[in-house]
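Trainee: All chains should be modelled from the sequences, with the hints used to inform the complete structure.
Number of protein chains: 4
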Amino acid sequence: MPRTEEQYEQIREERKQQIRDVALEIIAEEGFANTSIAKIAKRANISKGLMYNYFTSKEELMMSIMVEGFNKLTEAFDPDRDGVLTHDEMHFFIDTTFDVLKSNIRFWRMYFMVLLQPDVTKLIEPYIMKTLEPFLQTAYQYFASNGYENPDVEVRFFAALLDGVGLHFVMDAEGFPLEGVKEKLHRMLD
Amino acid sequence: MPRTEEQYEQIREERKQQIRDVALEIIAEEGFANTSIAKIAKRANISKGLMYNYFTSKEELMMSIMVEGFNKLTEAFDPDRDGVLTHDEMHFFIDTTFDVLKSNIRFWRMYFMVLLQPDVTKLIEPYIMKTLEPFLQTAYQYFASNGYENPDVEVRFFAALLDGVGLHFVMDAEGFPLEGVKEKLHRMLD
Amino acid sequence: MPRTEEQYEQIREERKQQIRDVALEIIAEEGFANTSIAKIAKRANISKGLMYNYFTSKEELMMSIMVEGFNKLTEAFDPDRDGVLTHDEMHFFIDTTFDVLKSNIRFWRMYFMVLLQPDVTKLIEPYIMKTLEPFLQTAYQYFASNGYENPDVEVRFFAALLDGVGLHFVMDAEGFPLEGVKEKLHRMLD
Amino acid sequence: MPRTEEQYEQIREERKQQIRDVALEIIAEEGFANTSIAKIAKRANISKGLMYNYFTSKEELMMSIMVEGFNKLTEAFDPDRDGVLTHDEMHFFIDTTFDVLKSNIRFWRMYFMVLLQPDVTKLIEPYIMKTLEPFLQTAYQYFASNGYENPDVEVRFFAALLDGVGLHFVMDAEGFPLEGVKEKLHRMLD
DNA sequence: CATGAATGAGTGTTCATTCAT
DNA sequence: GATGAATGAACACTCATTCAT
Numbered sequence: 785m786p787r788t789e790e791q792y793e794q795i796r797e798e799r800k801q802q803i804r805d806v807a808l809e810i811i812a813e814e815g816f817a818n819t820s821i822a823k824i825a826k827r828a829n830i831s832k833g834l835m836y837n838y839f840t841s842k843e844e845l846m847m848s849i850m851v852e853g854f855n856k857l858t859e860a861f862d863p864d865r866d867g868v869l870t871h872d873e874m875h876f877f878i879d880t881t882f883d884v885l886k887s888n889i890r891f892w893r894m895y896f897m898v899l900l901q902p903d904v905t906k907l908i909e910p911y912i913m914k915t916l917e918p919f920l921q922t923a924y925q926y927f928a929s930n931g932y933e934n935p936d937v938e939v940r941f942f943a944a945l946l947d948g949v950g951l952h953f954v955m956d957a958e959g960f961p962l963e964g965v966k967e968k969l970h971r972m973l974d
Numbered sequence: 785m786p787r788t789e790e791q792y793e794q795i796r797e798e799r800k801q802q803i804r805d806v807a808l809e810i811i812a813e814e815g816f817a818n819t820s821i822a823k824i825a826k827r828a829n830i831s832k833g834l835m836y837n838y839f840t841s842k843e844e845l846m847m848s849i850m851v852e853g854f855n856k857l858t859e860a861f862d863p864d865r866d867g868v869l870t871h872d873e874m875h876f877f878i879d880t881t882f883d884v885l886k887s888n889i890r891f892w893r894m895y896f897m898v899l900l901q902p903d904v905t906k907l908i909e910p911y912i913m914k915t916l917e918p919f920l921q922t923a924y925q926y927f928a929s930n931g932y933e934n935p936d937v938e939v940r941f942f943a944a945l946l947d948g949v950g951l952h953f954v955m956d957a958e959g960f961p962l963e964g965v966k967e968k969l970h971r972m973l974d
Numbered sequence: 785m786p787r788t789e790e791q792y793e794q795i796r797e798e799r800k801q802q803i804r805d806v807a808l809e810i811i812a813e814e815g816f817a818n819t820s821i822a823k824i825a826k827r828a829n830i831s832k833g834l835m836y837n838y839f840t841s842k843e844e845l846m847m848s849i850m851v852e853g854f855n856k857l858t859e860a861f862d863p864d865r866d867g868v869l870t871h872d873e874m875h876f877f878i879d880t881t882f883d884v885l886k887s888n889i890r891f892w893r894m895y896f897m898v899l900l901q902p903d904v905t906k907l908i909e910p911y912i913m914k915t916l917e918p919f920l921q922t923a924y925q926y927f928a929s930n931g932y933e934n935p936d937v938e939v940r941f942f943a944a945l946l947d948g949v950g951l952h953f954v955m956d957a958e959g960f961p962l963e964g965v966k967e968k969l970h971r972m973l974d
Numbered sequence: 785m786p787r788t789e790e791q792y793e794q795i796r797e798e799r800k801q802q803i804r805d806v807a808l809e810i811i812a813e814e815g816f817a818n819t820s821i822a823k824i825a826k827r828a829n830i831s832k833g834l835m836y837n838y839f840t841s842k843e844e845l846m847m848s849i850m851v852e853g854f855n856k857l858t859e860a861f862d863p864d865r866d867g868v869l870t871h872d873e874m875h876f877f878i879d880t881t882f883d884v885l886k887s888n889i890r891f892w893r894m895y896f897m898v899l900l901q902p903d904v905t906k907l908i909e910p911y912i913m914k915t916l917e918p919f920l921q922t923a924y925q926y927f928a929s930n931g932y933e934n935p936d937v938e939v940r941f942f943a944a945l946l947d948g949v950g951l952h953f954v955m956d957a958e959g960f961p962l963e964g965v966k967e968k969l970h971r972m973l974d
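Chains as they are written, first to last, in my numbering: chain A, 785 to 974; chain B, 785 to 974; chain C, 785 to 974; chain D, 785 to 974.
It is possible that some hints are incorrect.
Pairs count within a copy or across copies, as identical chains cannot be separated in the list.
Below are the BS3-like pairs computed for lysine-lysine, each with C-alpha atoms no more than 30 Å apart in a straight line [to be verified]:
| # | residue 1 | residue 2 |
| --- | --- | --- |
| 1 | Lys-914 | Lys-800 |
| 2 | Lys-914 | Lys-966 |
| 3 | Lys-842 | Lys-886 |
Everything labelled a hint here was simulated from the structure, so no lab data went into it.
Mentor: As structure tokens, then:
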């Protein structure tokens, strides 16, 4: 009995995920520049040729990995997706974001490092911009409706702050006083 | 008759700076990994070989560029170098830092992009750490003597904040509400 | 459907031998230092990259060539490998060695020329020393048990003599009076 | 008062010798392939450009060094240059040759190593052949007039023997039983 | 679907040689 | 005579990608 189309599709998806996982692992260990297709294929126990059956190029593989990470990171923002950010949702977002980061520091350090490389940035910037747009809108509404004088300034300030803190945390998770900093963040929003 | 020693020195210095400038430009555009010596030489209109007359390796070239920028950026911190940060010096530092950034946005965007690439980070991290150490000490004293409860948290929070803001500003100087954000920063320190 | 493992293995072995042959030829003509991977690849009608599919480095290629030749040359020494050299075995060794040399003068001229280049010597000296050690022991026993006064001197003298004769023969096989010289060698051992 | 032409010539010759000495020193230390003109010039305290004032190319410099060594090695053969080798002159030649080798092992090891590299061999072979020819004639006469049956075989045998011994001695001067071997050589000629 | 041999353009680096000064 | 900046071809080696099987 031949497999159904869905079964094939599922097998394909599992393989792709396996390749993504392995690739990310190696990139985290050895850096993007030192991660060759050959290494990924070897560690994933498949042939180089087969790699190209699943991803049309190294670039596409990267895209795929980065998009996956980006989505995980924004999932906690306005979780009910109603376009309105309540006070609770804001605090939830902060906590959850750091929980996500903390759950796999190695992944996220790697993620940020990769993300900040210009060639990678160039690849996924369009996707990020498109996805981020509604979130920035929502954030603006949040600050505006909470009586902040310059919601625009607040959004940018807050985004920069979160990025800076996330970056520092992820770069030096051991030494970073995460709890203290989180507390400061929460208090700033009250 | 050969040139005088000064003439040679001058030629060398000019060429080195020219190479550094071109290199930074390309690295910022295409990333460290994609910046080959060949590309740098071509854009600088010199031969590949000449590069190695001035920098012993690609690494040394990177170091040279990054250290130069890093020093410019920290010059304004505790300018009288007495190890004590007054209130005024703190405000001065913030203003001056952004002035420096603003004075050559293109350079600093490049600088940050380059700095955040893992290969580069690895290269100059030791230098940065060594240089930063006394500054962090000074900052700790500042927060401690100004009655902050957790000076440690404050230092890290402040550093992360400045990095985040600097990064965002430099990545989107046009759209970034710099004056409003600076005001917020100053007010936070009062 | 991919090739079977045996098919791949066969392709690999053939290619490796082909590369070794071509490499030895060029090295003999132009010296180790002047033999580039590019030249080898070109003459072997393969791409540079493929070289590295079969040999991990230029050094490994050299090792591979030299070890192969060295082994062929020592096969005839103490052929029953009992650690004892009879009179007959000694004479057999001399004759066989020159037979081997004579059977492919071109190869052996190349081999000696390559072997005597310092870069190459450095590479395989450890291997040679390790392999030669028991042979020298055996030769010492031979001279000692045949009543020679200074077996140590005899071993070194004989080795030097054989090397010298082999070298001269191989460098000028046409003009070298091999039979006469062999006769002298045999008579010296009686 | 300007220098006379001879004075200039003498200065030139001294410089050239100084360069040869330095070059040989470096080659002996680091091998031929790793000896660059830049290194030689630096160690000789002159500029790269000036090197080319004295030697038209690296090849010519090599030639110059090798010829010098070759001459020193053959000086002791038939010292009165009468084309006839007496018994005493033969023994003198053997002793003197090894004295010369012993006087600067490092030089001669280097010399042989360099000499045996095909590219070098190619360069000075014509010179060597031309110079060696009369010596071989003289040696033939020696063996012929001393009643050897096949003078031709004896010449080649003896030359091969001397080369082999010289090579072994120079490659492992510490371990080589020179005195014992020399004694054997002398006795073979009686 | 799966393999890995094969390619070719690319990498950082070296160095003999030239030449304006 | 003397300098060293400048060149350009060469080097060993890497790797994303293709394709016959």
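Trainee: None of the hints should be skipped; say for each whether it holds.
Mentor: The hints, checked one at a time:
1. Lys-914 to Lys-800: within (25 Å within a copy, 42 Å between copies)
2. Lys-914 to Lys-966: both (28 Å within a copy, 28 Å between copies)
3. Lys-842 to Lys-886: within (28 Å within a copy, 35 Å between copies)
When each numbered hint is compared with the structure, no violation occurs for any of them.
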